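Asks: Starting from the structure of chain R, add chains L, D and S where the hints point.
Chains as they are written, first to last, in the numbering used here: chain R, 1 to 334; chain L, 1001 to 1334; chain D, 2001 to 2277; chain S, 3001 to 3277.
To be clear, the hints were calculated from the coordinates, so they are not data collected in a lab.
It is possible that part of the hints are untrue.
Computed list of lysine-lysine pairs in DSS-like fashion (alpha-carbon distance at most 25 Å, straight line) [stated by the list, open to error]:
{"#": "1", "chain 1": "R", "residue 1": "Lys227", "chain 2": "L", "residue 2": "Lys1227"}
{"#": "2", "chain 1": "D", "residue 1": "Lys2224", "chain 2": "D", "residue 2": "Lys2004"}
{"#": "3", "chain 1": "D", "residue 1": "Lys2133", "chain 2": "L", "residue 2": "Lys1277"}
The structure presented is a predicted model; accordingly, all values stated were derived computationally and were not measured.
Now for the letters of each chain:
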Amino acid sequence: MSKVMELREALRRFLKDGSVLCLGGISICRRPMAATYEIIRMGFRDLHLIDIAPGMPQILLALAGSASITEACWHGYELFGHPYMWRNLVERGPGETGYRFDDLSHYELSLRFVAGWLGVPFIPTYTARGSDLYNPEYDNLRDLRGVRRKVPRKKFAVMEDPFYGRGSVRLLPAANPDVTIIHAQMAAPDGTTRIYGAHFDDFVHAAAADHVIVTCEQVVSRESIAKDPEMNLIPSVYVDAVCEVPYGAHPGPCLGHYDYDPWFLCDLVERTREGEKDPGRFREWLEEWVLGVRDHEEYLEKLGVRRLLAIRADPTLGYAPNLPRRLDRLPPPP
Amino acid sequence: MSKVMELREALRRFLKDGSVLCLGGISICRRPMAATYEIIRMGFRDLHLIDIAPGMPQILLALAGSASITEACWHGYELFGHPYMWRNLVERGPGETGYRFDDLSHYELSLRFVAGWLGVPFIPTYTARGSDLYNPEYDNLRDLRGVRRKVPRKKFAVMEDPFYGRGSVRLLPAANPDVTIIHAQMAAPDGTTRIYGAHFDDFVHAAAADHVIVTCEQVVSRESIAKDPEMNLIPSVYVDAVCEVPYGAHPGPCLGHYDYDPWFLCDLVERTREGEKDPGRFREWLEEWVLGVRDHEEYLEKLGVRRLLAIRADPTLGYAPNLPRRLDRLPPPP
Amino acid sequence: MREKEYAGDYTPMEMMVVQASRLIRNGDVVFVGTGLPMIASMLAINLHAPRAILCCEAGFWDSRFIHLPMTVGDSRWYIGSTWLVGQSAMFSLLQRRRIDVGFLGGSQVDKYGNLNSTGIGTRVEGGYYVFQKRFEGSGGAADIASMANRTIIMMKHERRRFVERVDYLTSPGWYVWLHDFDEGRGRTRLVPRWELGMWGGPEAVVSTMGVMGFDEKTKEMYVKSYYADLGITLEEIRRNTGFEIKTEGAEPAEPPTQEELRLLREKIDPEGIFLQY
Amino acid sequence: MREKEYAGDYTPMEMMVVQASRLIRNGDVVFVGTGLPMIASMLAINLHAPRAILCCEAGFWDSRFIHLPMTVGDSRWYIGSTWLVGQSAMFSLLQRRRIDVGFLGGSQVDKYGNLNSTGIGTRVEGGYYVFQKRFEGSGGAADIASMANRTIIMMKHERRRFVERVDYLTSPGWYVWLHDFDEGRGRTRLVPRWELGMWGGPEAVVSTMGVMGFDEKTKEMYVKSYYADLGITLEEIRRNTGFEIKTEGAEPAEPPTQEELRLLREKIDPEGIFLQY
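Isolated chain R (complex conformation):
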């Protein structure tokens, strides 16, 4: 049974207003960006994002008003700039904006997904002891606990190790997103997904979710993906939808296919920087690249072939070795 479908159809089937959503990739790399744009376009609301090292997509979903809760450890673009506007949103506070952000550490989130993958309600850890991440006064989901679906009753619990006498240990609640969206280099119609290069925590994110949408550069046959099965990361059983979306991680890189689009990234970050004073500057960007664009194909047309050629990967290296990388003196876009 083929799970291949249009991205919009996949989102319509599996995502809902209020869903707990996890997006694969890390910071600005191999992120399901086409899916992110489509989520904004389709007008989903009140999404509850949970991600390990969020970047671009989570910031966009917050700024576009699609998300009302984020549990995460970080928000940014690394070398490409600060999370402008998003930081203002957090500074204004949930009381004013209705947008809640709750801080955890990277490993805490990782472990919460591991517990979700294994199907257990919690997992112990020694990490982040002494950090304000465990400050009981700092819990921005406090009033949703035991109330909102999939928000655990407590942020953490403490207990003594009954087995080895290693002292007190924290318990973290499992994370089981309603939907996880991953962008991969290839997938088969049955959902089997192969990722080249670092897979970040995409396996765990998929395995912990109730539903998984895979967008991929190319759909390939079951026969070809069954060669070297050691290379396959996510098995068919976890995957509900496979959507062929070339350049689906643009403007971030996708190993073996394309590199960063530094022009696009710098423009996006600059617009949000300006947007801190004049929110209209970001609304224009959103209109130009997301809301005013019919679908991902039109987005790619708008980018143009020359841009896509400028970022294409060297097949022996997996990235574009001649990409202009001095962001302070970027040449004009091709």
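Replies: Below, chains L, D and S alone, put in the same frame as chain R:
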């Protein structure tokens, strides 16, 4: 820094009488058999074995008197026969034999190693509820708990889920073997290990251990193993010793290199079957194939080239398609 | 559709495999070991359940092997597999309720489908538990029995195997004796599995004499069909069952079709490795 | 061995990188992000620590990249990596005490090496915690700070950054304020990290003005060396530090050698991506 050394040297450095030992592979497949023989030859005593689906090596270590404790879920040779003599050993009981066997389920053991890998003292689970595996009267390590190194104070604990109200859940103690031994197709001098085909739980077994010895069919360069890093299972950091031991999993199969040796396996099982009445029959086998053999090279010489050719793998299939497999009418060995 | 043609000459083992295979539904994720369950699953995939997925505890996923594996870790599983996964990850699919069918066997079964594959004559002696006769052990059986969405039991139909109460409860069925951990008093009370928060449960027992189901209300084993064609009678089943078993409504089992037998003998186990022709 | 030749013309950033790289020992497993720590580690690997292993939170292990990655998930990390691992597995190396050195940064540091990379002006308002100024957040910093065997802090030396007490304690240093969970009273008491069962701790702070250590007994920050060659004085360091800092025994820092600078400029960051020539 190269970690390549002789198998005997690796065992001398990392294994001790009383060590908690885990052996990679599953049932009779890709087991570190050469290492098992060498452990018996070197006369290690009082080993505490902990393994998920033990077979041949654990039975041999028990019958040869090298192991005094086994925590496991199963003991056998699958289609090749029953665990003769070992079952007698268990039936006679620890009071008489000094050999303790404690039963867990496959997944319980898996999860204990997962906890060991993650570095947490325990892990919750819903498995095996209602099973006698959780019968508090059936705990054959009871008097060692809190006494013997690395035997947890309790076999399990019970608690309520504080996060999602999913009721009571069992906690299992982490397993951290002193030494794990894995047999792989290839490894680099820095310890990076690649396994083709199913890796069973070898990653978790290695990652949970304090020390890891990898025996492999071939040692390859760091440069060559760094190609397609997606294929590498165990990173250098976990591995203490790399030993080149061709046919190191004989008489079990090693994908891409060789298949079962059905003659050897049937003979071994038959000797233990006869050994239930006349233990001398098994002692003869042990003398012939283990104690009376200087090292693995002499073992291979004794097997002979024709035997090795008869079990060699078809390079496109990974196993020997023409291997005689009707065990009830096996032709004479080549 | 042409009418089914039934085979006239087949073994009880072939009959078991055919009966078990018919219990597999299209799309099922089936957790198997080697042996008859694997053969039954392959038969189903070749006939009415082409979308069923076979996985095994060694970590092979959706294999399309061309030669029959002899063990769970056999290299033959590799061919056509789309995923190779650690056992901890494979079993976690059970805990996440992603395994539709699990196969189980054992040396003893009771009327609630509790299984013993650990040992008989179990007793505590000098602080240790010992057995009069020890078997291979649980392996993944306790995990499958407690967490697959349904299980199918395959075993030899003998009075000493179909018992009133298993000597050691390896794999939980519909009702289990509760362990009272707090008071350390061992098993005290028979409770239904769902009271322990467990899902799943045994769907059928495919024996050498017939196919048994479990009563929807009482969860007790009853005879659904018997291998009349092989000369088995309901009286014989009752005689070979160590507890009272209902046989009302039991029907003669539908024998293997020629197509089923052909597939088994020519395609699936042509070497007779498990079916031992 | 020929005598070291020191370079005459270098930037404070280059000095920081050189000082940090000298703290890496041969064989260390070094957990880095991108930026200066990555460059410092590469310099060490190219000079005195060829057996050091670089890993990053995105899951690349022992990379031998030939072009400098710009982000943790950059495809450039792939070249020469011998392992690609999920982040949960990578961070578990920290919990298993397998990471020798972790690098940290932040917007505030206090005398015990506690770091804030979350926000300043932290307060609870209407039941929520908010910040006057919000930063990127912990990422893996809290994990590294609590579980690496030692950590090296790199940051800009300014009075508003070197503070008496961090506004938000993202990453624990040598002494932290204890959370009293049971009574829900928040931070009540300053306790040493080892009392919480924690290992590791900050080894040094490499700032834009000098290198600070932590007193073995009091665990308070002190100046070990200062960039005299770049015109920095101890008085200037004291003036730019928001808490009292000991400067006795501080020595002028050893400047970069020509070899170090050549490697940085020609081999490691020839594009000037992080060093911004």
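Asks: Against each hint, give a clear statement of whether it holds in the structure.
Replies: Comparing the hints with the structure gives:
Between Lys227/R and Lys1227/L, the direct Cα distance comes to roughly 17 Å. Compliance with the 25 Å bound is thereby established for this hinted pair. Under the criterion of a C-alpha separation no larger than 25 Å, the hint pairing Lys2224/D with Lys2004/D is consistent with the structure, at around 21 Å. Of the supplied pair hints, the one linking Lys2133/D and Lys1277/L holds, its CA atoms being roughly 15 Å apart against a limit of 25 Å.
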